[in-house]
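Enquirer: Protein chains in written order, with this note's numbering: chain L, -3 to 99; chain Z, 907 to 1393; chain Y, 164 to 253; chain V, 1372 to 1695.
No lab work stands behind these hints: they were computed from the structure. Here a beta-carbon is modelled for each residue, glycine too, at the ideal position from N, C-alpha and C. One or more hints might be untrue.
Footprint (simulated), chain Y over chain V, 3 or more residues, beta carbon under 8 Å [to be verified]:
1) 1414 to 1420
2) 1428 to 1439
3) 1443 to 1449
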Amino acid sequence: MSMLFFYALIGVGLFTLGLLALVVQPHLLQKILALNVMGSGVFLLLVALGGRSQPVVDVVPQAMVITGIVVAVSATAMALTLMLNLSRSSPGAQLPEDQSADS
Amino acid sequence: MGAQLIQVDWAVVLIMLPLSAAMLGFLLPGMARNIGLLAALLILFTVVGLGWQLTQTGVYSHVAGGWLAPLGIQLHADGFSLLMLATSAIVGVAVSIYSTGYFKAADDQRFWPTWLLLWAALNALFLAADVFNLYVTLELLGLSAVTLASLTGSKDSVSAAMRYLLSTLLGSLAFLLGIGLLYHQYGSVDIAILSERVNDSTVSWAALGLITAGLALKTALFPFHFWLPPAHASAPAPVSALLSALVVKASFYILLRLWLGLFDFQQDSTVANMLGILGATAVLWGSIQALRQIRLKMLVAYSTVAQIGYLFLAFPLAQTGGNRVWYAVAYLMLSHALAKAAMFLVAGNMMLFGGHDRIVNLDRVVQRLPVTVAAFGLAGVSIMGLPPSGGFIAKWLLLEAALAQGHWGIAGIMMLGGILAAAYVFKVLGYAFIPSPVPHQAVSVPARMQWMALLLATLAIMAGFVAQPLMQLIGIGALFDSTGSMP
Amino acid sequence: MQNLYIILALFLLLNLLAGMWRILKGPAAADRMLASQLFGTTAVAILLLLAQIESLMALRDVALVFALLAAITAIAFVRRNWPQEPDDAG
Amino acid sequence: MEAVGLWQSAFDLMLGFSLFGLAWRMLFCADLFKSIVLFITFGLLMAIAWVRLEAPDVALAEATIGAGLTGALLMSAFAKLRTLDNSLKSGQPLLPRPRLHVINFWIALLFTVLLTGGLAYAVLSLPSHSPGLSDAVMSQLDSSGVTHPVTAVLLNFRGYDTLLEMAVLLLSIQSVWSMAGMSDAGEVHTSPVLNVLIQLLSPVLILVSAYLLWVGAHAPGGAFQAGSILGAAGVLLVLSGRPLFNLKKSWLIRLMLVAGPAAFIALATLTLINEGQLLKYPVANAANYILLLETLATVSIGTTLLALFVGSQTEAVQQDQSHQ
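In isolation and in its complexed conformation, chain L is listed as follows (with noise of 0.2 Å):
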């Protein structure tokens, strides 16, 4: 039983993580990888917490996880898509980090 909390708690664990990547990694190939953590984590919650009811497993989160993944599986691709355009047109493929307002 205890064992469905330990996985919740991985989750939240990656789902921090994943946060604190996305905001201090510079590079965009790895923010989308932190999104895509950040999303494993939430899932991982969802559905681990989902087991909590005996003897049968509440599906409601599991249905909903695989639409999470279908969306995060479209974010991801469009994300790719932009960050290839990005380095197209300036390398590294980071944003730029000082935003001055009236460029």
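Using the hints, position chains Z, Y and V against chain L.
Expert: Chains Z, Y and V only, in chain L's frame:
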């Protein structure tokens, strides 16, 4: 005839119509523009139908799939939904017509299907009564908004769109984690059921924090506004209008609905005060930044940051100020949407006209584009909050509440924000009158692009004259009157 | 029997983690890629064991899909990353 | 039985910590290629975790989409990135160090730790037993038209969410096509070994896809999993350098992309008129409607994922930057 029409599920049509049109436009790229224009007019007509239905029979709800909550998903339309749907329809039709002049035929297949999907997402979002359904609509909305923001393909717009995409995905994930926690504590994703069950618990607070933070990021509340100015300023003008007028409002709409429905367990909390402080900072910061801008579109974008701040000023005021404050917020959402869309369309016209949008080089556009400059002036009146505009009514109600409760700080911030808004609006108008040292070669601007800007600006002013009936319409379902209970 | 299966699964998982060293260490891209392919195979074995433990036959479908799709990333690697960089190991 | 429980706990603990450790190494390493390989491995372990959590449907989706297609997408994007950026040679420490000031980094770390603590506290405050919606799902399963509860939720009880989900998929391909131009599929190399492999693999994949679609009514599987395997088969063909016809121009491809969402909308409209509620199937026909929806959705999902893969790595469309 009337008896039958009242039975029609207008709300469902509002979702299916733009979706079908988007698919048709995707299938037949050559006809995307005509399909889109037809859909836009039909959506406006459908919103009128829904409005008439609501005034006759009250709150509308629909049980999707025939499965009652908590198992199934329900749709719900009250006065607040209607207001947002109508705002989207009006701005949407105007922007659609405007865009026929703005985009070349080659860009049609890139613009129209995405814009129709965005419209479908907006309508579905305003009709949702289920937090997971809200998450799906939020994703559809965010991803289509990013796509539209990247449409010019310039270096600025691509990097702005990238930042926008990362921000919007982060916001959605925080929102999803929040509703996941709520579901696992309270066993439902239906707002009405949740509102009965949610109580003052650790999980409620965690969900409140995650959902508020995620939606504040999407709404671009200070200090989460970093993505907004570049994204809104580098997008094509009709897209900027849609993003500023509608897309940021959609996440605020969810925040407000959940705040009233779910998070009323903490009526007198510091969270509301904190949101108020961030809102106040946004008003000042956004206005000052707007004043400092060299480019017109950046100025208008920073003005959005400031105007979003006003929306959040309502949270501390509502603790004792009651329903009038929320009516003011709803009114502000409407009038800002109209005025801001008009301003971005004006910026698009000036850019097309002179080939740039540097404010100091506007070079007597007032004589050459009188309709456009008039639109900017009228929209500016509403943004500043001068009578008799819609913006005046909204800000007056807020100011009244602030003064009645002795919130002198908020009152002061609002006045200061108004003065700063006047300063940046008149800065633009001033340069529009004087000749610039660098003359520009003028390109003629199609009349419909000018008149659409003027139409929206005029409507923003007109909103000030119909306050009474509008308030009645917003009041359908009494969302704001009985704080704490969702019908 | 159950005990044996779960111990075996645990052993395979340990194995997988030991292989992680190769991914982290490299040195060449191909080393990392091969290690991850090995993981795919190990994962299939773990899934089959779990299918026995939980007597859930649907898990065999998961293992099947795994086995089939392990190839896709490897092919993507060979196709996209390999030819442009013949002396990668250096 | 006691011993089994103990060993299982050991397995779970190790799996959980490996997931976290992998994510950490993936996100904070200086070599992008290593990160991508670690991401693929991460997806593998996630799939095992889904199995341990009694979510085989999610495991299938993760194995096909999470680890498989996303991995291939990342791998291709990385290859493309390397042609654009000479500094990206695999095996070298090639990333710029985080630009954040040291103090800012520690503030971010402190914030992360606090957030983790708060969220963990909230999670642990949840009741250890909660029925969720499992009772509601199980009691209505008989009238849903299928016997597999996940399929019942996705296609019937919450079918409206899935309708919007199909719109997200359509949007993603519209988006990728509008951001990047779509010329013909990748470069054409031929390699005898690969070609034989692909010739053997593709029909098997298509067969497995059909099997998963069919089995979804009463066992783990369904449109999303079947569709992503179909997409994977397409990706394999593209990678083998098959001269696929121009995806964007082809009317047939567009039709396949739209088939799923269009079926949903058509059925929603039909049920709205006949039954008074969108996507409310008459109980007698529910099984047929769901099979129809799933079949068309499978086609659309597969085509979309393939088109996303091809589309995300072609050259950007030539755009004028005059009026932005």
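Enquirer: All hints are to be evaluated individually against the structure, with a verdict given for each.
Expert: Now for the hints, and whether the structure bears them out:
1. Here's how the stretch 1414 to 1420 of chain V fares: 4 of its residues keep a CB closer than 8 Å to some CB of chain Y, so the rule of at least three is met and the hint holds.
2. Three residues within the 8 Å Cβ limit are the bar, and the stretch 1428 to 1439 of chain V against chain Y gives 6, so the coverage statement holds.
3. Only residues whose beta carbon comes within less than 8 Å of a beta carbon in chain Y count, and the stretch 1443 to 1449 of chain V has 4; three or more means the coverage holds.
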